[in-house]
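S.K.: Same order as they appear, the protein sequences are chains A and B.
Under the working numbering, the first residue of the first sequence carries the number 15, and numbering increases by one thereafter.
Under the working numbering, the first residue of the second sequence carries the number 9, and numbering increases by one thereafter.
These are calculated hints, taken from the structure and not from any lab test.
A couple of the hints might just be wrong.
[To be verified] Computed spacing ranges between beta-carbons, pair by pair:
1. B:Arg346 / A:Glu113: 52 to 58 Å
2. A:Gln139 / B:Lys362: 48 to 54 Å
3. A:Met144 / B:Leu20: 52 to 58 Å
[Claimed, not checked] If you only want the chain B side, here are some residues facing chain A, beta carbon under 7 Å, derived:
4. Tyr14
5. Gly38
6. Arg142
7. Gly226
8. Ile293
9. Leu321
[To be verified] Distance condition first, Cα-Cα at most 30 Å in a straight line; then the derived DSS-like pairs of lysine-lysine:
10. A:Lys143 / B:Lys23
11. B:Lys348 / A:Lys123
12. B:Lys23 / A:Lys110
13. B:Lys82 / A:Lys110
14. A:Lys73 / B:Lys362
No experiment lies behind these values; they were computed from the predicted model shown.
Note that CB positions come from ideal geometry on N, CA and C, so glycine has one too.
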Amino acid sequence: MAPESSEGTYPDDLRYHEEHDWARVDGDQATLGITWYAQDSLGEVVFFDPPEVGATIQKDSSYAEVESVKAVSDVIAPLSGEIVEVNDALQDAPEKVNEDPYGEGWLVKVRLTAPEEAETLLGVQEYRKMLDR
Amino acid sequence: MRTPLYEQHLALGAKVVDFAGWEMPVTYEGIREEHSAVRRHAGMFDVSHMGQVEVEGPGALAFLQRVLSNDVAKVHVGGAQYSVLCNEDGGVIDDLFAYRLGGDRYLVVTNAANHETDLAWLGRQSREFDALVRDVADRYAMLAVQGPHARDVVARALGVELPPRFHVAHVQIGRRPALACGTGYTGEDGVELLLDPEVAVPIWAELLDAGVVPCGLGARDTLRLEVCYPLHGNELTPERNPIEAGLGWCCKEETGFIGSEAVARARAEGTAEKLVAFEIEGQGIPREGNPVMRGGGDEQIGAVTSGTFSPSLEVGAGMAYVRSELAEVGTSIEIDVRGKRRPARIASKPLYAKRS
Chain A
15 MAPESSEGTY
25 PDDLRYHEEH
35 DWARVDGDQA
45 TLGITWYAQD
55 SLGEVVFFDP
65 PEVGATIQKD
75 SSYAEVESVK
85 AVSDVIAPLS
95 GEIVEVNDAL
105 QDAPEKVNED
115 PYGEGWLVKV
125 RLTAPEEAET
135 LLGVQEYRKM
145 LDR
Chain B
9 MRTPLYEQHL
19 ALGAKVVDFA
29 GWEMPVTYEG
39 IREEHSAVRR
49 HAGMFDVSHM
59 GQVEVEGPGA
69 LAFLQRVLSN
79 DVAKVHVGGA
89 QYSVLCNEDG
99 GVIDDLFAYR
109 LGGDRYLVVT
119 NAANHETDLA
129 WLGRQSREFD
139 ALVRDVADRY
149 AMLAVQGPHA
159 RDVVARALGV
169 ELPPRFHVAH
179 VQIGRRPALA
189 CGTGYTGEDG
199 VELLLDPEVA
209 VPIWAELLDA
219 GVVPCGLGAR
229 DTLRLEVCYP
239 LHGNELTPER
249 NPIEAGLGWC
259 CKEETGFIGS
269 EAVARARAEG
279 TAEKLVAFEI
289 EGQGIPREGN
299 PVMRGGGDEQ
309 IGAVTSGTFS
319 PSLEVGAGMA
329 YVRSELAEVG
339 TSIEIDVRGK
349 RRPARIASKP
359 LYAKRS
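Looking at chain A on its own, in the form it has when it is part of the complex:
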């Protein structure tokens, strides 16, 4: 899949998880989403099944589902925390996950319960290297 990854975009201010999720950490909060690679592999997203606000999520565990026409995919939490907001705009326009995975296609915002976990995530160079393997 190396040619695929070179087409994708991966902002360098994000932290990445091996399961193709990203986190934009801002103090004790973070915005989470799926990477360009993840949305491209999945195809056109037609449904986002979000967790509830107030739910706790656990690093490396599934916290939501995104579905394309053909497949359903678990979304893995890159960090642990409590959901403070979900992207409601995706209910009517789930395709934003494909069109703008790091912007309007964000999935949830969390209050981090273990902010130090961010240290264990990949930087953009490491994530790209993983995709090229």
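Please build the complex by placing chain B on the supplied structure of chain A, with the hints as guidance.
M.R.: What follows is chain B alone, placed relative to chain A:
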């Protein structure tokens, strides 16, 4: 295995997946786009992975009448007919179209995953008949061109006269003999072309130039599901008879085909389960294997055989086997989608009907 068009798929940026041992395109630009191209204009599918079996000889008709569920004697030269291939218990080995190419010559098109099984079964059953069963899958590349404009575009771009629906014609395509069949698997008008593999690449290119949209197996599945065409391996299996699958219309038990006693019994006595179509009411996308529950209850009454997001209806939809007494159109059910109950309603088939 690869079809003669494999390189073309890669050049168009297709996502390629394994399907019954074949490296096939699942989508090029996106399933929804390809789906709607077929509903509104014309799309083409490389279906060269499908198998072809020729049956020839003075006993060809008698033999096919014995193995195919439909009344093969009704098919004139140049005709096409849908059938199921049953085992002795009435279970469905495969579903297929048979085309009558000449007086004593028929072509049967098999599903890729069942080709070898069908071939072995047909070979074994043909022994007592004066008919030769030949694997001719290597002789053909197969293109399905489907959609309201498919016939016009194919006729113009390739300069061929196409047979009417459910007919087959010997034609020349790319200056080689070919077969044009008025059949398909999308619920739209269109043709299936059986080509000399040597000309598959230039013909694909000509159709692309003519504006036909390349479509992958993803759209093929959503299109067939919306019109409730069964897929072998999902709705049809050797453990299910054609009656419970709603295919009683293509079974003529009086012809005495293998499995006809079991099919007649199922028709007379009814079956414990029936294949139904359903639509989700609200959110959620059903998938194969999801349990079907009685509306508002904890009792499982069936299971989903195929489920998807329907691009035309823009809702989750699918087919399922449910207990016959609860299989009535309009019945409220729930689909257990990975632990979440999604309200749904049994709908009439097809789920999608062309607005005229």
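S.K.: Does each hint fit the structure? Answer for all of them.
M.R.: Here is what the structure says about each hint:
1. B:Arg346 / A:Glu113: 52 to 58 Å: violated, 26 Å
2. A:Gln139 / B:Lys362: 48 to 54 Å: holds, 53 Å
3. A:Met144 / B:Leu20: 52 to 58 Å: violated, 28 Å
4. Tyr14: Tyrosine 14 of chain B check fails; min Cβ-Cβ to chain A is 16 Å, beyond 7 Å.
5. Gly38: OK, holds: glycine 38 of chain B within 7 Å of chain A, min 5 Å.
6. Arg142: Violated: closest Cβ of chain A sits about 36 Å from arginine 142 of chain B, beyond 7 Å.
7. Gly226: Given a least distance of 5 Å, the restraint on glycine 226 of chain B holds.
8. Ile293: Nearest chain A Cβ about 5 Å off; hint holds.
9. Leu321: Nearest chain A Cβ about 12 Å off; hint violated.
10. A:Lys143 / B:Lys23: holds, 22 Å
11. B:Lys348 / A:Lys123: holds, 23 Å
12. B:Lys23 / A:Lys110: Roughly 21 Å between the alpha carbons, so the hint for lysine 23 of chain B and lysine 110 of chain A holds.
13. B:Lys82 / A:Lys110: violated, 53 Å
14. A:Lys73 / B:Lys362: Violated, because 48 Å separates the two Cα atoms, which is more than 30 Å.
In summary, the structure is inconsistent with hints 1, 3, 4, 6, 9, 13 and 14 from the numbered list given earlier, while agreeing with the others.
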